[in-house]
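Asks: Residues per chain are reported as follows:
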Amino acid sequence: MVDGEGKDEGQAGGDPRHASASFEARLAAARVRQGLDRPEPSSAKSAMPMSPIGLGLRVGVELVSALAVAVAIGYGLDRWLHTRPLFLAVFVPLGGAAGVMNVWRLVAPRGSRGRR
Amino acid sequence: MAVLAAEGSTIDALGQFRLGHGLGEVGGSVNFTNANEIMLLAGAVILGLLFFGMKPRAIVPGRLQALAEYLYDFIYNMCVDQIGEEGKRFFPFIFTLFTFILMGNLLGLFPYFFTFTSHLVVTGALAILVIVLVTLVALRIHGLHFFSYFFPAGAPKLLAPLIIPIEILSYLSRPVSLSIRLFANMTAGHVMFEVFATFMLMLAGALGALGYALALGPLVLNIALMGFELLVAFLQAYVFAILTCIYLHDAVHLH
Numbered sequence: 001m002v003d004g005e006g007k008d009e010g011q012a013g014g015d016p017r018h019a020s021a022s023f024e025a026r027l028a029a030a031r032v033r034q035g036l037d038r039p040e041p042s043s044a045k046s047a048m049p050m051s052p053i054g055l056g057l058r059v060g061v062e063l064v065s066a067l068a069v070a071v072a073i074g075y076g077l078d079r080w081l082h083t084r085p086l087f088l089a090v091f092v093p094l095g096g097a098a099g100v101m102n103v104w105r106l107v108a109p110r111g112s113r114g115r116r
Numbered sequence: 001m002a003v004l005a006a007e008g009s010t011i012d013a014l015g016q017f018r019l020g021h022g023l024g025e026v027g028g029s030v031n032f033t034n035a036n037e038i039m040l041l042a043g044a045v046i047l048g049l050l051f052f053g054m055k056p057r058a059i060v061p062g063r064l065q066a067l068a069e070y071l072y073d074f075i076y077n078m079c080v081d082q083i084g085e086e087g088k089r090f091f092p093f094i095f096t097l098f099t100f101i102l103m104g105n106l107l108g109l110f111p112y113f114f115t116f117t118s119h120l121v122v123t124g125a126l127a128i129l130v131i132v133l134v135t136l137v138a139l140r141i142h143g144l145h146f147f148s149y150f151f152p153a154g155a156p157k158l159l160a161p162l163i164i165p166i167e168i169l170s171y172l173s174r175p176v177s178l179s180i181r182l183f184a185n186m187t188a189g190h191v192m193f194e195v196f197a198t199f200m201l202m203l204a205g206a207l208g209a210l211g212y213a214l215a216l217g218p219l220v221l222n223i224a225l226m227g228f229e230l231l232v233a234f235l236q237a238y239v240f241a242i243l244t245c246i247y248l249h250d251a252v253h254l255h
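The listed protein sequences derive, respectively, from chains A and B.
Final position of the first sequence in our numbering is 116; the numbers increase by one with none missing.
Final position of the second sequence in our numbering is 255; the numbers increase by one with none missing.
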């Protein structure tokens, strides 16, 4: 018992490093689960069963929010300039495209998304 | 969580999100709401955890100190990993944001407590704060060069009129998706609690002894849901914080 404690104190430098290494691994796993960080696209997707639901929800939110912003801007400009359907018609397709681009950023591996 | 409200045979699932006055008469006269109460409580819990947790300053931490240290390390590593070395400067902001949202989510799970993260005003304000900060950081570091962010290098010049509005819309949609994600997750969870809890009361009220037996079903569901909501509470705070980190990374490194 006493011997074991003495040994532990002797290795005090090594022990926290080990703990932080296992913490790093768990953090990496958690991030992969969220689909936020994809070091290896092959292993990231199938690692966690939680991933598809979370990813699906995020895709939906990204699509809708981009469209909502576009509709808000288009409607606002139309109200201001009295050009009712014009800006709304211009911004809705742009918003849809922006939503698709958001989704692309979400699912694309980091290296190939144009900006790093 | 919800104050159970089974008025006759209707399910009042959204009544739990109604704002009321906190702190009795005084609170009522200055419009101090029950959401503000929980916000203050959340801040107090975090400060208390850090203060009393770190008070022993033991080399081998006790439970509370381990929790405080773990929380600190967790956010610190997230900042450095996601943003890079510059991330250390944003650590206090991310830490505050994460712990505030986490405490809001967790405290909201207690009966009779108000969930302030289930209000779009609150999450929207937080998201706007984040996006304004990110934009200011980018402008501070890169100056006007920041606007090249909206046109990826190497794209054909002809497509500029198309790409630039799309990139700007994509940038502007960040606070919307950030706030809606947190708000929707918290609201949906608490509505489900309320609905299942009301089922229990309705079954017991309508079918007598048999109803009490059948009410075990929704009760078990609600218990399982509580576990799931604990996960969601942590996960959504984590997602909010890590997305803030990713946006800050983009602001610091631009491309």
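Just so you know, these hints were derived from the structure itself, not from any lab.
A hint or two may mislead.
Reference listing, derived: stretches of chain B covered by chain A, where coverage requires no fewer than 3 residues with Cβ under 8 Å from a Cβ of chain A [claimed, not checked]: (1) 16-23; (2) 72-79; (3) 180-188; (4) 228-242.
All residues carry an ideal CB built from backbone N, CA and C; glycine is no exception.
Asks: If a hint holds in the structure, say so; if it does not, say that too.
Replies: Quick rundown of the hints versus the structure:
1. 16-23: Since 0 is below three, the answer is violated.
2. 72-79: Holds: 4 residues of the stretch 72-79 of chain B have a Cβ under 8 Å from chain A.
3. 180-188: Satisfied; 3 residues make the cut.
4. 228-242: Since three or more residues must qualify, the claim that chain A covers the stretch 228-242 of chain B holds, with 4 doing so at under 8 Å.
Violated hint: 1 only; the structure is consistent with all others.
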